[in-house]
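*Asks:* The listed protein sequences derive, respectively, from chains A and B. Under this note's numbering, read the first sequence as residues 19 to 399, first letter to last. Under this note's numbering, read the second sequence as residues 19 to 399, first letter to last.
By construction, these hints were calculated from the structure, which means they are not laboratory data. One should not assume that every hint holds.
[As the list claims (entries may be wrong)] Listed below are the simulated DSS-like cross-link pairs for lysine-lysine, each with C-alpha atoms no more than 25 Å apart in a straight line:
1. B:Lys261 x A:Lys203
2. A:Lys261 x B:Lys362
3. B:Lys362 x B:Lys333
4. A:Lys167 x A:Lys396
5. A:Lys398 x A:Lys362
6. A:Lys362 x A:Lys396
7. A:Lys203 x B:Lys260
8. A:Lys362 x A:Lys203
9. A:Lys48 x A:Lys142
10. B:Lys261 x A:Lys260
11. A:Lys333 x A:Lys296
12. B:Lys398 x B:Lys333
[Stated by the list, open to error] Rough simulated footprint, nothing fancy, chain A against chain B, three-plus residues with beta-carbon under 8 Å:
13. 28-42
14. 284-291
15. 363-369
Quick reminder that beta carbons are idealized off the backbone N, C-alpha and C, glycines included.
Residues per chain are reported as follows:
2 protein chains.
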Amino acid sequence: MSKPFPEDSIGLVSPQTYPFDEPLELACGKSLAQWELVVETYGELNAEKSNAVLICHALSGHHHAAGYHSEDDKKPGWWNHYIGPGKAIDTSRFYVVSLNNLGGCHGSTGPASINPETGKPWGKDFPNLRVRDWVHSQAKLADKLGIEKWAAVVGGSLGAMQCMRWALEYPERVAHCVVIASAMKLTAQNIAFNETARRAIMSDPHFFEGDYLLNESLPSSGLSVARMIGHLTYLSDDGMGKKFGRELRSGSFERGREDPVEFQIESYLRYQGETFSKSFDANTYILMTRALDYFDLAREYDDDPVAAFRHALCKFLVISFTSDWRFSPERSREIVNALMRADKDVVYAEIESSYGHDAFLIPNQVRYQELFAAYMNKIKV
Amino acid sequence: MSKPFPEDSIGLVSPQTYPFDEPLELACGKSLAQWELVVETYGELNAEKSNAVLICHALSGHHHAAGYHSEDDKKPGWWNHYIGPGKAIDTSRFYVVSLNNLGGCHGSTGPASINPETGKPWGKDFPNLRVRDWVHSQAKLADKLGIEKWAAVVGGSLGAMQCMRWALEYPERVAHCVVIASAMKLTAQNIAFNETARRAIMSDPHFFEGDYLLNESLPSSGLSVARMIGHLTYLSDDGMGKKFGRELRSGSFERGREDPVEFQIESYLRYQGETFSKSFDANTYILMTRALDYFDLAREYDDDPVAAFRHALCKFLVISFTSDWRFSPERSREIVNALMRADKDVVYAEIESSYGHDAFLIPNQVRYQELFAAYMNKIKV
C-alpha cells in the first residue's frame, strides 16, 4: 500500500478496460456488437475463486468505488468508507470487483462513446438499457474474470436493483445479495422526479435532441437543474434543516436581483448542480433514470414478487434508512415480506439516520457500518 | 344568478381594477408610485360593513376565486367549491373580496406591467416583494372599499402566510384568521425546491435575465420545468400512486427514443407544466417563490413566534392535511402551539387526505368542507 494513504485504505488503484467482442443482446431488441467495461478490483481472488464480491453502482456512480488514483488524489472512491482492509467489505478477505456500467460516462461504452458504425459519438442513438442488460454484461465480465459464483453482489439504490435482478437471472451464481436503500419498483412520485429532471435536460436548447456532442455543445444548465432535483430528493428535510437551516449566505435579508443566491442551501445546491454538470454526460443521466423508472422486479412473474423471489437461491441482507423518503423503509419492508413469503433467508435492518437516501453512501454511521460488516464477515469464502 | 350555472354557484362575476396613486413603500426600501389591483367581490357588503372576508391567494392563484367569467366558461374560479351561497364561505352571509396580488400576472401591477418611468415592461427591474407588502397593499384596498375590519382573512399556503401577517400588522382590523396548509417559515427543503424551480427558469436562454418581454421572448421550457417541480411536490406519493400508479401511456413496455413519454404520470406532469407556462409570467413565479422563501413570521420578534402572536387580537382556525409533505401538519402544529402559548383562541384540525398540499384546493373533501363551514358560520357579522 502506498505510504501517504490512510492505513485502512486500499491505497493506489488503477482501472482496467475489458473489451468484449461478442454481441450483447439487449432487452430493447437491439444489440451492441462491441463494447467495453472499465473495472477496478480490490483485494486478491483466492485459488477457489470463491471470494469475489460485485459492487453495483447507482445513478451517478462508477467503477472507482475505493482507494485513490494517484498520490495527489484528494478524494478516494465513492464507497471508500465501506470497502478496504478491515472495513465492511473487507479487502483482506474479499476480491472486490467494481465496474462502470454500460451506458455510463466514466469509460465504459455509453452514449458519449464512438459508434463504430458511424465513427461519431452515439448520442441519441445509443440503445436504451434496462437493469437486466447491466446484469447480463456483468455476467460476461464475471466469465472473463473466471468467477463462477459471487460470494456477494452488493449495491445501494439502483445498484441494489441490479443485485436483486442478479439473484433472479443467475440464481446459481450468487451466494449473498445485499440490497441497500432500494425498492422492487419506483413509485409514481419517484418516476415524476426523474421525468422532471429529464425534462430539464431535454428542454435545454444545447441538448440538440441528444446529439449535443455532434453539435459541439453541452446541455450544462439543464443537467445542472436535473442534478439539483435529484440531489435535493436524496437528502432529508430534517438533515437539510440541520445542515443549512435557513442560514443566509450574506448574513442579512437585504438583497438585490444582481445576486439572488441568499440562502446557504441555494448556493450549496447550485454548486452541486454545476459541478455535476461538468463531469457527467446528459445522455447517460437520461439513460440511467429511465432504467430506474422501468425497473419492475416482478413484472414478468405476473407482478408477484413472491413468485419472483422463489427463483433466488442466495441469502439476503436488506437495509433501509429511516429518513429516506425516495426509497423509504416501506419499500424495503415490501422486499423483506416477499422474501419471507418466498421462504428465503433474509436479514433486515432499518437504520436510524437523518441523511435521507444519501445515507447509504455516507461514512461514520456506526450502526450501518457494524451491521454491514457483521453480515459480510459471516459470509464463508 | 345566471341560469346555466349550478344553483350553489355565485354565477357570473366580473373583475374590477382599482388604481392607487399614493406610493406604496415596500420592504425592500423601494416604492411603487402608481399601482393597480384587480379584484373580484362576491355577495353584498352589509350596512355595518362587518361581513367582509378577504381571500389571499397562493403561489399560482389570482383574483378569480369563484363564479364564472362568462356563460361559456368551462371552469369556475379556483376556490369555487368553498365560496358561494351555502358553501364554507357563504356568500349569502359574507361579502368576499378576492384580489390578484401585486407582482402577479393576472391584471394587478407586476413584472409584466409597463413601468411608467420607461414606458416598457418592468421585467427584472420590478421590485422584490415580501408577504408584508401584499398585506399593506390589501389594507389600502380595504380602505378604498370602506372596510375597517375583516370578519375574516382566509388563505391556504402562501395565502395563509398573508393572513398571519395581517393578524400581526393590523391586529385591530382582523376578527378571524383562517390558516390552511401553511407554515411560519419554510424549511430548507422547501427553499431548495423553490430555488431549483427558479434555476430552471433563470437558466432558460429565453429568460434574458428577466427581460424576456423586451427581447420578445418567453422562457417557456424553464417555466414548464419549474411548474413540474412545484406541482409534483404539491401531490402526495400515495395520491399520485392511486391516480397514476405506474400506468403506461401506451400500455406496453416497448418504446423508442422518438416518444419517450411512457408513464401516465409523465404525460400528466408535462401537460401541467406546458399549460402553466403559457398562462403564467416567469418573473411573477420567481417573485412569488422568493416571497415564500423569505417569509419568516417571527423574524422581527426575536425569532419568538409566541411573542409575535401576542400582538394578534383575532381568533384562529388552523387546518392541515395528513399527506401534505411540503407544509406538513407538524408546521401547523407549531403555529397552534405558539398561538396557545400566546393565549390566543385557536381551533385546529388535521384533515385525513391523500391529496398532499393540493388538498386545500380540492373539492369534495367532506370533513374539511364541513369543519371549514362550521367555523365560518359561527363568525358573527
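*Asks:* Checking one constraint from the list: CA of Lys167 (chain A) to CA of Lys396 (chain A), max 25 Å. Satisfied?
*Replies:* Between Lys167 (chain A) and Lys396 (chain A) the Cα gap is close to 17 Å, so the pair holds against 25 Å.
*Asks:* For the region 363-369 of chain B, does the count of residues with a C-beta closer than 8 Å to a C-beta of chain A reach 3?
*Replies:* violated (count 0)
*Asks:* Does Lys142 (chain A) sit within 25 Å of Lys48 (chain A), going by the straight-line distance between their CA atoms?
*Replies:* Holds - the C-alpha atoms of Lys142 (chain A) and Lys48 (chain A) are around 14 Å apart, at most 25 Å.
*Asks:* Given the hinted pair Lys333 (chain A) and Lys296 (chain A), is their alpha-carbon gap at most 25 Å?
*Replies:* The hint is violated at about 40 Å.
*Asks:* For the pair supplied as a hint, Lys203 (chain A) and Lys260 (chain B), is the alpha-carbon distance within the 25 Å limit?
*Replies:* The hint holds at about 15 Å.
*Asks:* Would you check the hint for Lys398 (chain A) and Lys362 (chain A), treating anything up to 25 Å between C-alpha atoms as holding?
*Replies:* holds (18 Å)
*Asks:* Given the proposed pairing of Lys261 (chain B) with Lys203 (chain A), does the C-alpha separation stay at or below 25 Å?
*Replies:* With Cα atoms ~17 Å apart, Lys261 (chain B) and Lys203 (chain A) stay inside 25 Å; holds.
*Asks:* With a Cβ-Cβ cutoff of 8 Å, does the region 284-291 of chain B contain at least three residues near chain A?
*Replies:* holds (count 4)
*Asks:* Is the Cα-Cα distance between Lys261 (chain B) and Lys260 (chain A) 25 Å or less?
*Replies:* Violated. Lys261 (chain B) to Lys260 (chain A) sits at ~34 Å, over the 25 Å cutoff.
*Asks:* Is the hinted pair Lys362 (chain A) and Lys203 (chain A) satisfied, with a Cα-Cα distance of at most 25 Å?
*Replies:* OK: Lys362 (chain A) and Lys203 (chain A) at ~20 Å, within 25 Å.
*Asks:* Holds or violated: are the alpha carbons of Lys362 (chain A) and Lys396 (chain A) at most 25 Å from each other?
*Replies:* OK: Lys362 (chain A) and Lys396 (chain A) at ~17 Å, within 25 Å.
*Asks:* Quick one: see if chain A covers the region 28-42 of chain B, three-plus residues with Cβ-Cβ under 8 Å.
*Replies:* The restraint on the region 28-42 of chain B is violated, since only 0 of its residues have a Cβ under 8 Å from chain A and three are required.
In this structure, the hints that do not hold are numbers 2, 10, 11, 13, 15, in rising order.
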